[in-house]
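Same order as they appear, the protein sequences are chains H and R. Heads up, the first sequence is in the numbering used here, so the first residue is 2 and it goes up one at a time. Heads up, the second sequence is in the numbering used here, so the first residue is 2 and it goes up one at a time.
Check the hints yourself; a few may be wrong.
Subject to a maximum C-alpha distance of 30 Å in a straight line, what follows is the list of computed DSS-like cross-link-like pairs (lysine-lysine) [as the list claims (entries may be wrong)]:
#1 H:K128 - R:K192
#2 H:K49 - R:K110
#3 H:K128 - R:K22
#4 H:K36 - H:K54
#5 R:K123 - R:K109
#6 R:K123 - R:K36
#7 H:K128 - R:K49
#8 R:K123 - H:K22
#9 R:K158 - H:K123
#10 R:K49 - H:K109
#11 H:K123 - R:K110
Derived coverage of chain H by chain R (criterion: at least 3 residues anywhere in the stretch with Cβ under 8 Å from a Cβ of chain R; other residues may be distant) [claimed, not checked]:
#12 80-86
#13 119-129
Pairwise CB distance ranges (calculated) [as the list claims (entries may be wrong)]:
#14 R:A4 - H:I21: 31 to 39 Å
#15 R:T159 - H:T159: 26 to 34 Å
#16 H:K158 - R:G121: 37 to 45 Å
#17 H:D117 - R:H170: 26 to 34 Å
#18 R:R136 - H:E44: 16 to 24 Å
#19 R:T159 - H:R132: 20 to 28 Å
#20 R:R136 - H:W79: 13 to 21 Å
#21 R:H170 - H:T159: 39 to 47 Å
#22 R:G19 - H:H170: 31 to 39 Å
#23 R:A4 - H:A189: 41 to 49 Å
#24 H:F89 - R:L169: 36 to 44 Å
Simulated from the structure, these hints should not be mistaken for lab results. Glycine is no exception: its CB is placed at the ideal position from the N, C-alpha and C atoms.
Below, each chain spelled out in residue letters.
There are 2 protein chains.
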Amino acid sequence: MFAEFEKYIREQAPVTDGDIKLFRETAIERTIRRKDLLLQAGEICRYKTFVSKGFLRTYRTTENGNEHIMQFSPENSWITDPESFENFTPSVYNIEALERSEVVMWTKKDFNYLFDNISGLKAYSDKLISRNLHRTRERVFSALSSNAEEKYDEFIKTYPGILARVPLHMVASFLGVSRETLSRIRHAQVKQ
Amino acid sequence: MFAEFEKYIREQAPVTDGDIKLFRETAIERTIRRKDLLLQAGEICRYKTFVSKGFLRTYRTTENGNEHIMQFSPENSWITDPESFENFTPSVYNIEALERSEVVMWTKKDFNYLFDNISGLKAYSDKLISRNLHRTRERVFSALSSNAEEKYDEFIKTYPGILARVPLHMVASFLGVSRETLSRIRHAQVKQ
Numbered sequence: 002m003f004a005e006f007e008k009y010i011r012e013q014a015p016v017t018d019g020d021i022k023l024f025r026e027t028a029i030e031r032t033i034r035r036k037d038l039l040l041q042a043g044e045i046c047r048y049k050t051f052v053s054k055g056f057l058r059t060y061r062t063t064e065n066g067n068e069h070i071m072q073f074s075p076e077n078s079w080i081t082d083p084e085s086f087e088n089f090t091p092s093v094y095n096i097e098a099l100e101r102s103e104v105v106m107w108t109k110k111d112f113n114y115l116f117d118n119i120s121g122l123k124a125y126s127d128k129l130i131s132r133n134l135h136r137t138r139e140r141v142f143s144a145l146s147s148n149a150e151e152k153y154d155e156f157i158k159t160y161p162g163i164l165a166r167v168p169l170h171m172v173a174s175f176l177g178v179s180r181e182t183l184s185r186i187r188h189a190q191v192k193q
Numbered sequence: 002m003f004a005e006f007e008k009y010i011r012e013q014a015p016v017t018d019g020d021i022k023l024f025r026e027t028a029i030e031r032t033i034r035r036k037d038l039l040l041q042a043g044e045i046c047r048y049k050t051f052v053s054k055g056f057l058r059t060y061r062t063t064e065n066g067n068e069h070i071m072q073f074s075p076e077n078s079w080i081t082d083p084e085s086f087e088n089f090t091p092s093v094y095n096i097e098a099l100e101r102s103e104v105v106m107w108t109k110k111d112f113n114y115l116f117d118n119i120s121g122l123k124a125y126s127d128k129l130i131s132r133n134l135h136r137t138r139e140r141v142f143s144a145l146s147s148n149a150e151e152k153y154d155e156f157i158k159t160y161p162g163i164l165a166r167v168p169l170h171m172v173a174s175f176l177g178v179s180r181e182t183l184s185r186i187r188h189a190q191v192k193q
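Extracted from the complex, chain H is given alone in its bound form:
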């Protein structure tokens, strides 16, 4: 699991062999079975987590029991509830493995230690956070300005590989459109 992370981080940031050693010494490796939860709403998100293999989703449930998907996380992506992680407050999110997954995790204390001792980490992290914020803002903009068909087209463009890995009702939940509407859009596109 750490091997995938090492390959990834060497491509993304100017890290030395010594840096890799620090990452490895503080890393916690974990395998999650399909349908198991990595984080349950009400728990504190105690780890910054890198997905080495597999596929997870972050979702949130309304009071009346509806599930809304906030994020899909394939291999080579990070998954954390930053609010809960930063402030040690209970998370409102669930993180579930949609496929058998392998992750590498760091506690806040250890990640702060890495920040202080790996010089390229801050710049990489800043880039990652701004990309994350940018994508979240894009979703707000899309929710405000796009109709169901435009949302679906944007989704395919932004996350080309994901469509084949999730059932359609989860794509509908991510986009905030009904399953019926999404089916209609797809049928219309297939006909064209």
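Start from chain H and add chain R according to the hints.
Showing chain R alone in chain H's frame:
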């Protein structure tokens, strides 16, 4: 303008007199007239900006000319397009003063210098970023799960002071509901 920032940052982070001196030496102060733009779509967002006085909005325009408000920024808040600021790419956002405003700004180079030399700044910044990401995620969740009335109620609860400072059509644009729907909701609430 800097005086308001100094008061604010002393309350928010454990800064020393020496830290304040560094902030002051690198700060750029600016006054923006009502309806003037601090940032125009297509420009690079070159500053991390603190609002000392006044009130601004960040908005984005669709190809067919519709405006969508992404953020309201009253005094004692930060306003930046992190994607553009981080990568020196043209911004898709406009930032406009809704009232005469006073801001304090730092370039990326200077802010990185502050990061390296003010020990409490990183922890403060992390907290700010995670709050920002949290609020943006809350908007995504709200867009996915709430009807117009719930969105309006959440807005009043989250931003209690803002309602009195912006015209109703801007609140509608922020919430992604039509002006007519919002008027109807408000009338119904007044009657109760």
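Quiz item: Does the Cβ pair R:R136, H:W79 satisfy 13 to 21 Å?
Solution: holds (20 Å)
Quiz item: Does R:K49 pair with H:K109 here, judged by a C-alpha cut-off of 30 Å?
Solution: holds (26 Å)
Quiz prompt | Satisfaction of hint between R:K49 and H:K128, Cα-Cα up to 30 Å | solution = holds (15 Å)
Quiz prompt | 30 Å Cα cutoff - pair H:K36, H:K54 | solution = Satisfied, since the Cα-Cα distance of roughly 15 Å is no more than 30 Å.
Quiz item: Hey, R:K158 versus H:K123, does the alpha-carbon distance stay inside 30 Å?
Solution: At roughly 35 Å apart (the allowed maximum being 30 Å), H:K123 and R:K158 break the hint.
Quiz prompt | Status of the given 39 to 47 Å range, CB of H:T159 versus CB of R:H170 | solution = violated (30 Å)
Quiz prompt | Pair hint R:K123 and H:K22, alpha-carbon separation not exceeding 30 Å | solution = This hinted pair holds, its Cα atoms lying about 24 Å apart.
Quiz item: Do three or more residues of the segment 119-129 of chain H come closer than 8 Å to chain R, measuring C-beta to C-beta?
Solution: holds (count 3)
Self-check item: Satisfaction of hint between R:K22 and H:K128, Cα-Cα up to 30 Å
Solution: holds (28 Å)
Practice problem: Take the C-beta atom of R:G19 and the C-beta atom of H:H170, compute their distance, and say whether it sits inside 31 to 39 Å. | Solution: Given a distance of about 57 Å, which is not inside 31 to 39 Å, the answer is violated.
Quiz item: Falls inside 20 to 28 Å, the C-beta gap from R:T159 to H:R132?
Solution: holds (25 Å)
Self-check item: Straight-line alpha-carbon gap H:K128 to R:K192, limit 30 Å
Solution: Roughly 49 Å between the alpha carbons, so the hint for H:K128 and R:K192 is violated.
Hint compliance for this structure: hints 1, 6, 9, 14, 17, 21, 22 and 23 are not met, and every other hint is.
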